[in-house]
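Here is how the chains run, residue by residue.
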Amino acid sequence: MNYRAVVIGVSAGGMSALGEILPRLPVDFSLPVIIVQHISPQSDNYMIKHFNGISEITVKEADEKETALPGHAYFAPPNYHLLVEEDFTFSLSVENRVNYSRPSIDVLFESAIDAYCSSLIGIILTGANNDGSKGLKKIKDCGGLTIVQDPKTAEVPAMPEAAIKLSKPDYVLKLKDIAPFLVNLVSKK
Amino acid sequence: MVVPVKNDLELLKENENIEIELFLQTIFMKYGYDFRNYGKAHIKRRIRHRLSVSGFQTVCEMIHKLLYDPVFYQEVLQDLSITVTEMFRDPTFYQAIRTEVVPLLKTYPFIKIWHAGCATGEEVYSMAILLREEGLLKRTQIYATDFNQLALQKARSGIFPIDRIKEFTQNYQKSGGKASFSDYYNARYESVILNESLKENIVFADHNLVTDGVFGEMNMVVCRNVMIYFDKDLQNKVIRLFYESLIPGGFLCLGSKESLRFSEHSEKFDHTSEKEKIYRKKFSE
Chain U
1 MNYRAVVIGV SAGGMSALGE ILPRLPVDFS LPVIIVQHIS PQSDNYMIKH
51 FNGISEITVK EADEKETALP GHAYFAPPNY HLLVEEDFTF SLSVENRVNY
101 SRPSIDVLFE SAIDAYCSSL IGIILTGANN DGSKGLKKIK DCGGLTIVQD
151 PKTAEVPAMP EAAIKLSKPD YVLKLKDIAP FLVNLVSKK
Chain C
1 MVVPVKNDLE LLKENENIEI ELFLQTIFMK YGYDFRNYGK AHIKRRIRHR
51 LSVSGFQTVC EMIHKLLYDP VFYQEVLQDL SITVTEMFRD PTFYQAIRTE
101 VVPLLKTYPF IKIWHAGCAT GEEVYSMAIL LREEGLLKRT QIYATDFNQL
151 ALQKARSGIF PIDRIKEFTQ NYQKSGGKAS FSDYYNARYE SVILNESLKE
201 NIVFADHNLV TDGVFGEMNM VVCRNVMIYF DKDLQNKVIR LFYESLIPGG
251 FLCLGSKESL RFSEHSEKFD HTSEKEKIYR KKFSE
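Protein sequence lines, in the order shown, are assigned to chains U and C. Residue numbers are given in this note's numbering: position 175 of the first sequence equals residue 175, and the series is strictly consecutive. Residue numbers are given in this note's numbering: position 153 of the second sequence equals residue 153, and the series is strictly consecutive.
Isolated chain U (complex conformation):
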């Protein structure tokens, strides 16, 4: 299977969880990584700068109309939903919160399915609510690959637990195993 993008949804505990993933992807990682991290509406871009500083891939905030490129990780801006268009460019929206969240993981995942169909990898990491469960289930139903962080290795297990329950993911992986798994999967071809 040729995968074309990775989408990640993460909430409470994301700083350390993403710290186990983004810095461990090689500079030539051949997929875009698109991330919704729940974050307060008025946050600055400290987290993005931090990850960009310690990662080989380029880490940045997603700009509207920007094209998703391999070797890049994109974060949804605070207080905006992030969507992927069928031409693989980003759109932003300020419509109402979904699952009490803006950005919402479900909004990203559902639009990414329209863009990437079965060649999408969806990942749910640590968090305190159930945003992303429905989106992950849809990725699975469309034939994409689904991964959930093992709740035992999550700072806050509620979000991975909800995702496992609803979507019965293909893989439940320990946090430290997620990056090697992705690298291996993508380099196999």
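Mixed in with the good hints there might be a few duds.
[Stated by the list, open to error] A few chain C residues facing chain U, derived, Cβ under 8 Å:
no.: 1; residue: 36
no.: 2; residue: 39
no.: 3; residue: 40
no.: 4; residue: 41
no.: 5; residue: 42
no.: 6; residue: 43
no.: 7; residue: 44
no.: 8; residue: 82
no.: 9; residue: 84
no.: 10; residue: 132
no.: 11; residue: 225
no.: 12; residue: 228
no.: 13; residue: 258
[What the hints assert, rightly or not] Pair ranges (Cβ atoms, derived):
no.: 14; chain 1: U; residue 1: 52; chain 2: C; residue 2: 133; range: 35 to 45 Å
no.: 15; chain 1: U; residue 1: 96; chain 2: C; residue 2: 240; range: 22 to 32 Å
no.: 16; chain 1: U; residue 1: 69; chain 2: C; residue 2: 61; range: 33 to 43 Å
no.: 17; chain 1: U; residue 1: 15; chain 2: C; residue 2: 67; range: 30 to 40 Å
Derived from the structure by calculation, the hints contain no laboratory data. C-beta atoms are modelled at their ideal positions from N, C-alpha and C, and glycine is treated no differently.
We have chain U already, so just place chain C on it with the hints.
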């Protein structure tokens, strides 16, 4: 002849895209509102939402109702028009207006401001409060426009749910407000009503950015988080409309994640505040 086989999901996706095109075409032909150049991911999300609560199975089935039921059309219009906003949204933007723009506005004897896509008016009233505190409101005419009549009605009323006041007050304070926010409204039951005097210099009017034309000789155009729903061509068209509506040296204010950077008109503007997305039309091309 070999016909490439598509799986069920691909067929569904293909059909849904066709049905959505037809749906938008129907709105345009029947009611004159043109959503055909909106970003597709957003439109799809909104139409799927309407489908899920409508009881129909496919978008195609909704087209008949769209044609024959004006009440249903109004619901669809509300779906497609995002009116989520707040007073003093992005407080640092209003700070920048106070420090970077107001000193230049003060040099004009009369000021015209256009809030394009004003939705339910929160940001219009924010600007009116700011201008009053800076001593400019009395010589300012604000035109607040939207295509959404229901939103305009709410905007005109100046009435907002009381549960939003805490957030508005915090924003106001962070934005550099000089008074107490409670000076500007009266609370009644579950609502607050903004002071009538704030409305004196505001005209609320129906205007559609997609299909309508230039709007006066403006000193400032404020259009925040409206064009994020447009595709690139429509964005360029609307920015040109703003350019033509501004006097030389007039200001264009966009949302904090919007930019002129990739627009074909970017050369015609200077940055007043790059971070807050405040641009200034050059004095000569």
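Structure-based check of each hint:
| no. | hint | result |
| --- | --- | --- |
| 1 | 36 | violated, 15 Å |
| 2 | 39 | holds, 4 Å |
| 3 | 40 | holds, 6 Å |
| 4 | 41 | holds, 4 Å |
| 5 | 42 | holds, 5 Å |
| 6 | 43 | violated, 10 Å |
| 7 | 44 | holds, 7 Å |
| 8 | 82 | holds, 5 Å |
| 9 | 84 | holds, 5 Å |
| 10 | 132 | violated, 25 Å |
| 11 | 225 | holds, 5 Å |
| 12 | 228 | holds, 5 Å |
| 13 | 258 | holds, 7 Å |
| 14 | U:52 to C:133: 35 to 45 Å | holds, 40 Å |
| 15 | U:96 to C:240: 22 to 32 Å | holds, 31 Å |
| 16 | U:69 to C:61: 33 to 43 Å | holds, 39 Å |
| 17 | U:15 to C:67: 30 to 40 Å | violated, 52 Å |
Violated hints, listed in ascending order, are 1, 6, 10, 17; each of the other numbered hints is respected by the structure.
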